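A.B. asks: For reference, the chains in residue letters:
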Amino acid sequence: MDFPGGCVPFTTELKFVGGHFSTDVPPMSCYRTLDSVGDALQEADTPWGLDEEQAVRIYRAMVGLQTMDGVFYDSQRQGRFSFYITSAGEEATAVGSAAALAPADVVFAQYREQGVLLYRGFSFLDFAHQCFGNAQEPGKGRQMPIHYGSAELNFHTISSPLATQLPHAVGAAYALKLEARQAVVAVYFGEGAASEGDFHAAANFAATLGAPVLFICRNNGWAISTPATEQYRGDGIAGRGPSYGIPSVRVDGGDARAVYNATAAARDIALRHGGPVLIEAMSYRSGHHSTSDDSSRYRTATEMAVWRARDPAARFRRLLDAAGWWDDGREQALRQATRREVVAALGKAQRVPKASLDAMFADVYAEVPWHLAEQQAEVAEHLRRHPGAWPDIPLQ
Amino acid sequence: MAGGIQLSRLAAVGGYSALSAAAGVASSKPSAAATEGASKQTNLCTAVNDALHIALDANPRALVFGEDVSFGGVFRCTVGLKERFGAARCFNTPLSEQGIVGFGIGAAALGCTAIAEIQFADYIYPAYDQIVNEASKYRYRSGGAFNCGGLTVRAPYGAVGHGGHYHSQSPEAVFTHVPGIKVVMPSGPYEAKGLLLAAIRDPNPVVFFEAKMQYRTVVEDVPKGDFELPLGVARVAREGSDITLVGWGQQVGVLERAAAEVSEADSISCEVIDLRTLIPWDRAAVEASVSKTGRVLVSHEAPVTSGFGAEVVAAMSARCFLRLEAPPARVCGYDTPFPLVFEPLYLPTQQRVVDAIRATCNF
Ligand SMILES: Cc1ncc(C[n+]2csc(CCOP(=O)(O)OP(=O)(O)O)c2C)c(N)n1
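As they're listed, the protein sequences go chains A and B.
First residue of the first sequence: 1, per our numbering; consecutive thereafter.
First residue of the second sequence: 397, per our numbering; consecutive thereafter.
Some hints could be false.
[What the hints assert, rightly or not] Counterexamples of contact, computed for chain A against chain B with all Cβ distances above 10 Å: (1) F21; (2) C30; (3) D69; (4) F83; (5) R385.
[As the list claims (entries may be wrong)] Quick look at which bits of chain B chain A covers, simulated, 3 or more residues with Cβ under 8 Å: (6) 730-743; (7) 747-756.
[Unchecked claim] With the Cβ distance kept under 7 Å, some of the chain B side facing chain A (calculated, not the full set): (8) P456; (9) F467; (10) F481; (11) A484; (12) N488; (13) L491; (14) S492; (15) Q494; (16) H558; (17) H561; (18) E652.
Keep in mind that the hints were calculated from the coordinates and are not lab data.
Treat the numbers as computed from the prediction; the structure is a model and nothing was measured.
Backbone N, C-alpha and C define an ideal beta-carbon position, used for all residues, glycine too.
Using the sequences and the hints given, assemble the complete structure.
C.D. replies: Structure follows, in structure tokens:
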């Protein structure tokens, strides 16, 4: 039957599909190249390979990420700054996908993808400046910790409201395509965020407008205390892709080589076909949601232990060991040096002063309108009248 | 109606009636001893939790839902509800605020009492369309054939010292611009329990903002049983004669502390009015007070421009014009996004309020 939206065949059979009518339809399989301990699966597709240089770089970034998360988390617990989010359990998703992107590709992230930024070249000191909210961080200390951003690294600044970055990514990808740049947008989000209306809008826009965007869903099983089973009833997030007209793949998010290959292939499809690709990376949020959360309230210790045993960095290291690209000596040296570097970065960032009062009123608009100039003068006058009330903030 | 009976009982002992407020003499909170029935020391979180238990217990069609509510909520306000009333009446929704409020509207339209939680007031905006175009106009557009008056949307709001842009906002003013919904902001645990029960039972959709900073930090005597405080009726939190200070939510505490400071240091006598409900607001109570004092100061955390303070000041300028001794003052947040490290400078602190009281009284 022809109708304005397309052409569909007729049938005389009254048959429903979906939900409990489709229990014979198996879920989309999960692509992997390493088994759960990290032994390589010989038959696995690895069309984009992974050479020694790239593999070692990925591994070093995963170790850097784990070290930073550990030290920053402890510092937050000691009260040195107010908030932190770790990415334990999802290191391979962030780093493996980042490794498949080109520097000109533009990234829009949720908040648990510091591994992408680290891989792109954001230093431990850059991360530390942001967490301390000091004058050296691009956001001038006005956002909470972990809301990183970097214009040089094509990483748009994190915003707390969930899923809002998804339509942004589609518009940005459309702009890249319009300018015929050989680049894509990668947008990251959780399976929880995928329940927001913005996810639907973004997927549908990307498909209909042909935007070269990679939707990279981190399905880590939990949205704070809400298990993925309460988030959707269909075949996860990847299962939605085909119904939007988006090529989709499900991948083992703890297998850095699989994530790398899937992302590289997806990037190629997006560029060649000028449209979106959806990747659902299956993993587990091994840590608490954030430093404000205690996940023992809503999930079992056994579940956590089982997943922690599948440490993505350890799995990937087995591949490196087997190839003769890594050994215990290098491991120890890297972990020690990285730890020293992270600790030093925190010490240094903590000593950097806060931005001056101007920063409170800057960037609201491109210019400072009269009413903000007036308000800034009022605050300055208040500080003059009550010196010492806020020793943290320099007047000029 | 149990609520009505409770109300009149309280009114008799505490002077919480619409009548006394209209006359501008709504008195301060009744002492615990004066309140019938037992009371206990309760923080705001527990006060809200108690109110939800009572609401669900009294009404089998009352539901509590939202993100993470089933394990007790990220602020622990819904603890115990699922265990007591079952997963069909207290449940997690998928992560979508427009879904949460839209779902609540539909359930309410079919006769449920839908108590929706938005995890942070900062995240209420995906539901803005559902509140502004749907909940608020459901009754009007159908000529009263349909309504979603059983809907109450709770959301924690306000500064906490480390919330930055998206865990600090006070979005009340944008909702006061929407005819058809009521906007309520309690100033402490006692108020929260009585007002929340009234909001849940009110035949109109209500947006209810709770000061999340107060969840654990403010403790007061709160009756253990069922009681309501009427919507639309202000409370005189402190009586005085030189200047009227108007606030709502956690800012009332700041005004009370500023009032105590200038009373001690300058012998200025402040009358502090806790508005409690912003729409419909108790203009008569504020007018009666300003007519007496001749001066008015309004204070809120939200940005000053187009904040609800502008409405209060406009009304008082018009209605008390000849009795005003000084220009009405506003001490509010500045017109910037909520700035993390500048929070102490952004907020309408006690010091800023004290300065403005002095300036207004020495005009
Ligand atoms: C619009 C919006 N609603 C609610 C929140 C509060 N919140 C922050 S993170 C989170 C869970 C997100 O889960 P998911 O997308 O699966 O990502 P994960 O944390 O598991 O990485 C919630 C509900 C928010 N930040 N924004």
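A.B. asks: Would you list, in rising numerical order, the hints stated earlier that this structure does not obey?
C.D. replies: 4, 5, 8, 10, 11, 18
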